[in-house]
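Chemist: So the chains spell out like this:
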Amino acid sequence: MTENNNEKEERKGKYIIEREYVEDERIIEPEKLDIGGVDASGRWGLIVLPRVIKDFDHSLIDEVKKLPRGKHIERCWQCGLCTSVCPVAHKEPNFNPRYFIYIVKMGYKSEIKKLKKYVYLCQGCGLCSEACPKHVDPSGVMMALNILFDKV
Amino acid sequence: MNDFPLSIFYFLFNVILFILSTILLIIRIKRWGVSYPFVKLVKELFKEKRLKFSSKLKAIINTLIKDLLSLKRAGYLCEENFHLYGRALLIYGFGGIVIMNLINFILNPIGVPLGYLHPLSIITYLFYAFLAIGSFMLFLRRLIRSNLRKTTDPLVLLLHLSLFYFAVVGISFYSSLNSGLPFLSSILFYIYLSGISLLYLFLPLSEVGYYIWKASMLLTKSLLIEHKSTE
Amino acid sequence: MEKNKSVLVIGAGPAGLQASKDIAEFGYRVILVEKNSELGGAPIRWKYHTLAPDFVPTEKVLGPLIDFVKNNNLITVYTDSIVESYEQKEDFFNIKILNLKSKGVYNEKVSAIIVATGFEHFNASVDPRYGYGINPNVIGINELEVMISNGKVLRHDGKIPKRIGFIFCVGSRDRSTNPWCCTVCCGVSIKQAIEIKKIIPDSQIYMIYMDIRTVGLWEKLYWQSMENYHINYIRGRVGEIYWTGEKLLVKGEDTLVRGPFEALFDMIVLAVGMEPGEGTKQIAKVLGLKVNEYGFLSPRIPNIHYDSGKDGIFLAGACVAPMSVEEAIGEGSAAALQAIKYSMRKAKKMP
Numbered sequence: 103m104t105e106n107n108n109e110k111e112e113r114k115g116k117y118i119i120e121r122e123y124v125e126d127e128r129i130i131e132p133e134k135l136d137i138g139g140v141d142a143s144g145r146w147g148l149i150v151l152p153r154v155i156k157d158f159d160h161s162l163i164d165e166v167k168k169l170p171r172g173k174h175i176e177r178c179w180q181c182g183l184c185t186s187v188c189p190v191a192h193k194e195p196n197f198n199p200r201y202f203i204y205i206v207k208m209g210y211k212s213e214i215k216k217l218k219k220y221v222y223l224c225q226g227c228g229l230c231s232e233a234c235p236k237h238v239d240p241s242g243v244m245m246a247l248n249i250l251f252d253k254v
Numbered sequence: 698m699n700d701f702p703l704s705i706f707y708f709l710f711n712v713i714l715f716i717l718s719t720i721l722l723i724i725r726i727k728r729w730g731v732s733y734p735f736v737k738l739v740k741e742l743f744k745e746k747r748l749k750f751s752s753k754l755k756a757i758i759n760t761l762i763k764d765l766l767s768l769k770r771a772g773y774l775c776e777e778n779f780h781l782y783g784r785a786l787l788i789y790g791f792g793g794i795v796i797m798n799l800i801n802f803i804l805n806p807i808g809v810p811l812g813y814l815h816p817l818s819i820i821t822y823l824f825y826a827f828l829a830i831g832s833f834m835l836f837l838r839r840l841i842r843s844n845l846r847k848t849t850d851p852l853v854l855l856l857h858l859s860l861f862y863f864a865v866v867g868i869s870f871y872s873s874l875n876s877g878l879p880f881l882s883s884i885l886f887y888i889y890l891s892g893i894s895l896l897y898l899f900l901p902l903s904e905v906g907y908y909i910w911k912a913s914m915l916l917t918k919s920l921l922i923e924h925k926s927t928e
Numbered sequence: 205m206e207k208n209k210s211v212l213v214i215g216a217g218p219a220g221l222q223a224s225k226d227i228a229e230f231g232y233r234v235i236l237v238e239k240n241s242e243l244g245g246a247p248i249r250w251k252y253h254t255l256a257p258d259f260v261p262t263e264k265v266l267g268p269l270i271d272f273v274k275n276n277n278l279i280t281v282y283t284d285s286i287v288e289s290y291e292q293k294e295d296f297f298n299i300k301i302l303n304l305k306s307k308g309v310y311n312e313k314v315s316a317i318i319v320a321t322g323f324e325h326f327n328a329s330v331d332p333r334y335g336y337g338i339n340p341n342v343i344g345i346n347e348l349e350v351m352i353s354n355g356k357v358l359r360h361d362g363k364i365p366k367r368i369g370f371i372f373c374v375g376s377r378d379r380s381t382n383p384w385c386c387t388v389c390c391g392v393s394i395k396q397a398i399e400i401k402k403i404i405p406d407s408q409i410y411m412i413y414m415d416i417r418t419v420g421l422w423e424k425l426y427w428q429s430m431e432n433y434h435i436n437y438i439r440g441r442v443g444e445i446y447w448t449g450e451k452l453l454v455k456g457e458d459t460l461v462r463g464p465f466e467a468l469f470d471m472i473v474l475a476v477g478m479e480p481g482e483g484t485k486q487i488a489k490v491l492g493l494k495v496n497e498y499g500f501l502s503p504r505i506p507n508i509h510y511d512s513g514k515d516g517i518f519l520a521g522a523c524v525a526p527m528s529v530e531e532a533i534g535e536g537s538a539a540a541l542q543a544i545k546y547s548m549r550k551a552k553k554m555p
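Protein chains in written order, with our numbering: chain A, 103 to 254; chain B, 698 to 928; chain C, 205 to 555.
Among the clues, some could well be false.
To be verified - The calculated lysine-lysine pairs, modelled on BS3-like cross-linking and capped at a C-alpha distance of 30 angstroms, are:
1) K727(B) - K753(B)
2) K366(C) - K293(C)
3) K300(C) - K215(A)
4) K253(A) - K727(B)
5) K215(A) - K753(B)
6) K209(C) - K451(C)
7) K740(B) - K219(A)
8) K116(A) - K755(B)
9) K114(A) - K755(B)
10) K485(C) - K253(A)
11) K485(C) - K550(C)
What the hints assert, rightly or not - Covered stretches of chain B, as calculated for chain A (at least 3 residues, CB under 8 angstroms):
12) 722-733
13) 812-823
Just so you know, these hints were derived from the structure itself, not from any lab. Glycine included, C-beta positions come from ideal geometry on N, C-alpha and C.
Please put together the full structure from these sequences, using the hints given.
Modeler: This is the structure in structure tokens:
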């Protein structure tokens, strides 16, 4: 990363205490802000958007169900057996098959955007499908999610 | 395979089926609604002027070797040696077969049987054996473990069996050629063609089609990251 | 009328009705005392449409029992009545029955008593966070059952709800209200969600749960609801519900995302639990029965429900612990046999 990028990231919200708990996308710090004649640029105009989930979106799960190996995604009851046997999940905590299926079922697009770059770590070993008590076939669903996350 | 027209037929057969195969893959990727990573890859490689061509190529080859050829993203993390070796044998076997067929066609277009002890023969046999053993290992793994057997998609098992069939038929065909049995080899030639066409038509529609898309996507992404880091 | 061949059954719910039927079929007389005007207990009072897990219509299970009890000569039914007092003699009980409407008092002599006074649904206005009784469109599963029986699930303004939420564990598993688990609410709520999905096919239903306790063979309801009826499950809890003037704003925490959610719903159904009713509390006082720390009748040994610890008095059904209709029917039958054995032993003066 060059220094330009670093400076850009540092300038955003650098006065927030415990800044590392707040994701960059949630910080709005306008360069110039004029509120009724009062100059509120820079630090005074900083807003941190809430991380509250506002709505559910079921269009994503309809797309996953259309792909041939993702058709059983609705069976998942979030037990976590797939993650417990997944060898990738033990090395990379952001790769969590159970969680991916959950955010797609509930349609939390903000979470999907955060985890886009981790979803393609799936090795296709099939241990998750072996462990799943509901026969969701998570390794097949992961293939469908790889395709879906690329589009979101 | 001793006459010239037959080898021309073999060449055209492969070319036509390859084109059909690519069309099937493109239609499948279009139905998914995602971008075509090959197109993007070529565009990034040749049109972006900010980086030198050699460094772009270096980035791609780096990803190719690290992630795909050494299987870091294709099975190394799965911690199961049987699966890893099966995968490795399958990938190297299949890649080797493609390369050896091209080399054999260039060096020996008419198809004179070279005999068992010719180095090209030995290497070709080796790669066919890799493919046969690798695909059989993967198939066996899914057959033996009862829970895995119950939850495996039947198309995946069909894929492994098709690759195994292709490898076995290839070995038989080349062996019949090298043993000098013209009647048997002409029958096995057509069975071999059936194996090839099965693969050409089935692989784009199976898991392999998805993996090809994923591999090209990874290469494109690595190139994009390389670009971003030098901005 | 032989005083040592009649049994008093207090409460005409599933347990009481089954006990009465078994005792009458054996040939003994039954005095059936019911506080309400109708026989059948909670399933009839709250108009349960079907019974979990196989969607059997309630009439199919309780109808034959009620008909038998009404038509049998050996069973004397006192509706709108309670047991006012009892007196234990050497081999029989003197019972005074008070009719709440006519204020008449009736005397009976019986050889054994079965207590099957059942339960009441938790009144959700006690728990202020859901705004039950203040916010429109916040209803309990008992009220929803009435709507489903009528075939129409509608909001307070008559519109069809599109987004419905079920909140589990209201008035249960909570030190502030009731600490116990009501065993059947999960299964009943899921059954109702499936029935709503059949009535309003394009609705989106969300079950906001802490655990899913569909025990035994009721598990199939859970699987069916996810796989066939596309009902959504959010693991989490709801902290507050506000009425925006048009919809309900539900604020809660989604445990699996580890984050808060605030979403607008058209209707919220609270899975209100079972608690010991007024009838149980009154009869415990009259008969001098032990009550455990939760208010339920306490048997002598906790795992043997029919044995109350008092001579000649037997317990059955949801007055002892929360249970399903099928379990209550079984307990009624068990208590009937115990009452008959006790009466026969007393008659032959055997120890």
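Chemist: A separate judgement is required for each hint: does it hold in the structure or not?
Modeler: Structure-based check of all given hints:
| no. | hint | result |
| --- | --- | --- |
| 1 | K727(B) - K753(B) | holds, 27 angstroms |
| 2 | K366(C) - K293(C) | violated, 62 angstroms |
| 3 | K300(C) - K215(A) | violated, 72 angstroms |
| 4 | K253(A) - K727(B) | holds, 12 angstroms |
| 5 | K215(A) - K753(B) | holds, 27 angstroms |
| 6 | K209(C) - K451(C) | violated, 60 angstroms |
| 7 | K740(B) - K219(A) | holds, 22 angstroms |
| 8 | K116(A) - K755(B) | violated, 37 angstroms |
| 9 | K114(A) - K755(B) | violated, 34 angstroms |
| 10 | K485(C) - K253(A) | violated, 62 angstroms |
| 11 | K485(C) - K550(C) | holds, 29 angstroms |
| 12 | 722-733 | holds (count 4) |
| 13 | 812-823 | violated (count 0) |
Going through the hint list in order, the structure does not satisfy hints 2, 3, 6, 8, 9, 10, 13.
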